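Those protein sequence lines, which keep their order, are chains F and Y.
Numbered according to the working numbering, the first sequence spans residues 329 to 411.
Numbered according to the working numbering, the second sequence spans residues 204 to 801.
Treat each hint with caution, since some may be false.
[As the list claims (entries may be wrong)] Computed, partial: chain Y to chain F, Cβ under 10 Å:
| # | residue |
| --- | --- |
| 1 | Leu380 |
| 2 | Ala466 |
| 3 | Gln531 |
| 4 | Lys544 |
| 5 | Ser573 |
| 6 | Met575 |
| 7 | Phe585 |
| 8 | Ser591 |
| 9 | Gly593 |
| 10 | Val597 |
Derived from the structure by calculation, the hints contain no laboratory data.
For clarity, every value in this text was computed on a predicted model and none was experimentally measured.
Don't be surprised by glycine CBs; every beta carbon is placed ideally from N, CA and C.
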Amino acid sequence: MIVNLIDFLRNRLGLIKLVGLAIIILLVAGDWLLVSKEHAHTSMEKIPGFWSIFGLASAVVLVIASKCLEGLGIARREDYYDK
Amino acid sequence: MINNLWIHPALILISGAILMPLVPKALKKTYLLIVPILTFATVFSMQGLNGNYGIVSFLDTPLIFGRVDSLSMVFAYIMSLMCIIGTIYGLNVEEDCQHMAAWLYAAGSLGVILCGDYLVLFIFWELMAFASVFLVWFRRTPQALSSGYRYLIVHTAGGMALLAGLVLRYQATGGDLSFGPVGVDAPSLSTYLIMIGFLLNAAAPPLHAWLPDAYSEATFNGAVFLCAFTTKTAVYVLARGFAGMEILIPIGVCMALYGIVYALLQNDARKLLAYDIIAKVGFMVAAVGVGSDLAINGVCALAFAHILYKSLLFMGCGAVLHMTGTCQLSELGGLYRKMPKTLIFTLVGCLSISAFPFFSGFTTKAMIMSAMFEEHKNIYAFLLMAASAGTFLVAGLKLPYFIWFGKEQPGTEPNRKAADPPLNMQIAMAIGAFLSILLGCYTPWLYKMLPFPALAAEYHAYSTYHIFETLQVLGFTGLFFYLFSKMLAPKPGMTIDMDWFYRIIGRSILWFAKKPVQTLDNNVGEGYRTIGLIPLMATARFSSWFDWNIIDGVVDGLARTVRGTGGLVRNFQSGRLQSNIFLSVFVVAVLITIFVFA
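Just chain Y, with the same shape it has in the complex (with noise of 0.2 Å):
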């Protein structure tokens, strides 16, 4: 019975953002409320069931729309609810198509998060690249427009790698494209391949250049979307398939050593907050590596949490970048006097994404640490550790003292224009800043949803030994960033990373396609010109000729004599009747005789 009333979350996103134009504009508002609350409410309805439904029956092989278990619903929860605080944050954005996308966007999310098998899995990713690629191009500069084409490329080649290995596994498993754990203890090319596709969209070194790339160029409330979904939604099926997959626990090392690292970097908020997503990505995926019950618990905490408080954080920036129309550190400071409420909320989301205690990271990323350290991954969990030291340094410190603190820069363009952002705005700052603290104070609420809601129920995040290591590594990273703060004083510029191999090499093509591929196409446009084409219309020219003196001449000549000796004929006829007899009797005389006489 029940199958019959499901309603699949992403059907009611698309249908909503399908519908979008016809509304009319003094309902626009509401409507944009009305949809991504039905959506969530339609996941909060969800909450406690378990099975598959949304099963439709295509060529003969059952296709699974919705399987719902505590691990999607979950990550169904936290995307639906990402998805009502985005469109608030965007609420004063008057153009349909930026709502349309992020909708679809969200609906792809929520596609793959509730999907059972491989086909419906690849549908909604793709969904998501091409309905994303929007919310980078409505930036509208040249830049985001290249930008947006990279992201769509890179994530094509992603999608390829992923269908490639999904059709192997189609072969390999004899049709059975169900999508579950992939069998993580005897891999082959087709686990690799699918693997690749989702560790691209989780932003892995090298495979991660396009997240920092189109992140910091999206609009000011795309990026908000953008934070959330692609990464964590790559962290989902890595975790539904690839948990225990040894080889993740390095990735994820490198990728939280890899982000801090450029992040520490960077003179663009949002991609400083872009390269902290792979640091914090990385986390994630560290720990589906290790795959025990608490290392799962953990990835979806973490991801809950960090859904919210970098989104919050994007939300910052973004209204940095909306109302002053730069979010280069180098030419910010001094903020706070123009954006105090934003300046608070940010904070919330600073002081969440470094784990303090009472804050969201400080209860969830815990697991993480405590899951490694269970399974003796020691070196592992000390190189997590020193990447959160370095979160609470870039994100935690470098990011709100350079935009709202540091030197004020009086006069300049930035500083004229800077206020706090629209109503709207801050609203959604407000709820993302009011779950942060509450994750951080209130666990169970979170730790009811996941996967192992026993296990978690155990869990104590606050013990005087995780208070005391905590705050005794943030103190610390603070004294140092108190000492050494000129070191890591934003200079204005940008730094390379692998996109670099990809930009150039796609240069040097344009280049080669430019240069010698075209002189070489136009030396044998000219060469063919000249061996080729005179000589041909030469010969054409004497075929010409022929053709009409020798040929036709002959064919002509002959029709000519026809015609002469039908002229001939014609003047013996000339129609009077003696005239016909007489030339008959004259002939059949000259007939008679010749007759007789010969």
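Just chain F, with the same shape it has in the complex (with noise of 0.2 Å):
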């Protein structure tokens, strides 16, 4: 059952991606118009859609950082202790 749904949802690909844009554009627009603000901590959270950008520039970021890291030189094959 779980294997025919899975299988059902990803031969209708296109329209997931369709639903997964419908909700972020949804998520926005609810943050621009639905949401009080009245709790935010910050003054910057007043920017609609605040989070999302910084949901966006966190996960770049830290890709980025980990690239950077790797870059150092601290990815090694898997026996490298065992030479």
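Now that you have both chains on their own, put them together as the hints suggest.
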């Protein structure tokens, strides 16, 4: 049953992408129009879609940081210590 | 009265472990279920109690084995619950020793959580280290063996720091060993030493490399225990002793970011999860540093939820390891066809750790974030939010995607062997998944147990603002993953971490011992033989000759003269009476003649 469901969804990847995109747009729109910002911790958070930008920027920065670290030579072969 | 009736839950586990070999095989599985359930029931029966129990006098010092209050109870509750889940997960393991090690380890953790003084704390602290190393060693691979030794050495070093700290504290306080808030306003050397001992177990960089090293080498069921007890027990002792210690905030934030950045680079699923533990424990350590009531509530809540969802993820990856023989993401992919149930349970863990609404991470981590913002630690709070996005990227997307979806590798050995694990493992995962959802949907269950229940009751995780904040961060992190998943594709290999230092230093010491020291030793030996031993032997031979011929010669010569004279005298003593009379008369006659004429 689970496998069939996943296969069913996999065969409709285009639709899923559209739904995902719709959700993301709705989130930003909702944040802009619906959410009361009186409980925001800082003034920055009053920017519409602040947490969307923040989420994307965090992912970018973290991945770049990990790639830089990898560039420093910490990535080694599996048997590095066994040599 | 109740003092006499009080039974330490760790005692049940310890006696259970000791008696295990005596239990007949037919009853073994029942026994494996009953003992942890009994332990949990004992902890459960202590709910609502407050005070010190199990006080034993030792050398005029009262040792407190059972400090029961809301802080210790919430941790004891989740640890004993975890012991049930972990044991069910490992029920198909036939070896008694593995279950014994796991129970002793859990007992150590319960002992630390319930203790009221440093001496008892130290004993159980060491029990944890020495019992848990067997969960690594029982994997029985050469890597696991050496990893276990490193684990033990590092923990012994941490134990030494703790011991040194408490000895100094004992002197400074004039013999007071009670374990409570250490006085974070005026920290002394002893405070820092104790903190280092605790932080090592919490896996704070640079003292963290033991965790991914050992947890990725442990047995499939051992890792489930390991991921729950050591770090969260350390979080408990930090919350008990170091609440409000400001330096813990930057340390915790560093842990969170460091853990995520390293987790992004991992190819081994359990190593990825291990680095994510460091990140999540970082949240807790930072909140301990904040130290407000809400922050301490958040520490307990997140630790509680984290034990459930992290063990669930370790169970899912353990199942993959157990069935396919590997945990390397680059060798896996498309397993949803073969292991659909494991996928569903693990997904619950993924959604929980990523703090989706209606899952446990959402209702617990939010408290820490609120506490950080309330105390105006805004920069640290934003950094922790960034780490949250990273957690979703790593444990919520990368991990399940590359194991269960991604590129299927038909025909490879892992893919051929893949199947859902034995029923007991599925049941354990189902319990973990159920409780993770329960925590997300029915908050009073946990909130009532927290150290400040009134404050927790006022806390509403499901505010519109919080829901939108979380979903936006998750949504856009997901978008990033969709666009750049190739950048995160796992590559065969490993990363070097702080353990490089002691592994390379260790290797240098070995090389130093093998090459220069041994060569020097050989040369000194040879030199000694040439300039020392040979003249010595010559001297010895001369002494021997001198002794034999000269000294003995003199002594023997004397003896030979006496013997010769004796022999001569004997010739005169023939034994015949007439000869004797004649000889005597002759001698007397000679003497008289000399006397008369001289």
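A quick look at each hint next to the structure:
1. Below 10 Å, beta-carbon pairs count as interface contacts, and Y/Leu380 has none with chain F, the closest being about 41 Å; its hint is therefore violated.
2. Hint status for Y/Ala466 relative to chain F: holds, with the closest Cβ pair at about 9 Å, below 10 Å.
3. Annotation: interface hint on Y/Gln531 holds; nearest CB of chain F at approximately 8 Å, less than 10 Å.
4. The interface hint given for Y/Lys544 is met, as the beta carbon of that residue sits about 7 Å from the closest beta carbon of chain F, less than 10 Å.
5. Interface hint at Y/Ser573: satisfied, since its Cβ lies 8 Å from the closest Cβ of chain F, which is below the 10 Å cut-off.
6. Taking 10 Å as the C-beta cut-off, the interface hint given for Y/Met575 holds, the closest approach to chain F being about 9 Å.
7. Interface hint status for Y/Phe585: upheld, as the beta-carbon distance to the closest one in chain F is roughly 8 Å, under 10 Å.
8. Nearest Cβ of chain F to the Cβ of Y/Ser591: about 8 Å, under the 10 Å cut. The hint holds.
9. Nearest Cβ of chain F to the Cβ of Y/Gly593: about 5 Å, under the 10 Å cut. The hint holds.
10. Because the closest C-beta pair between Y/Val597 and chain F is about 9 Å apart, less than 10 Å, the hint holds.
Hint check: a violation occurs at hint 1 only; the rest are consistent with the structure.
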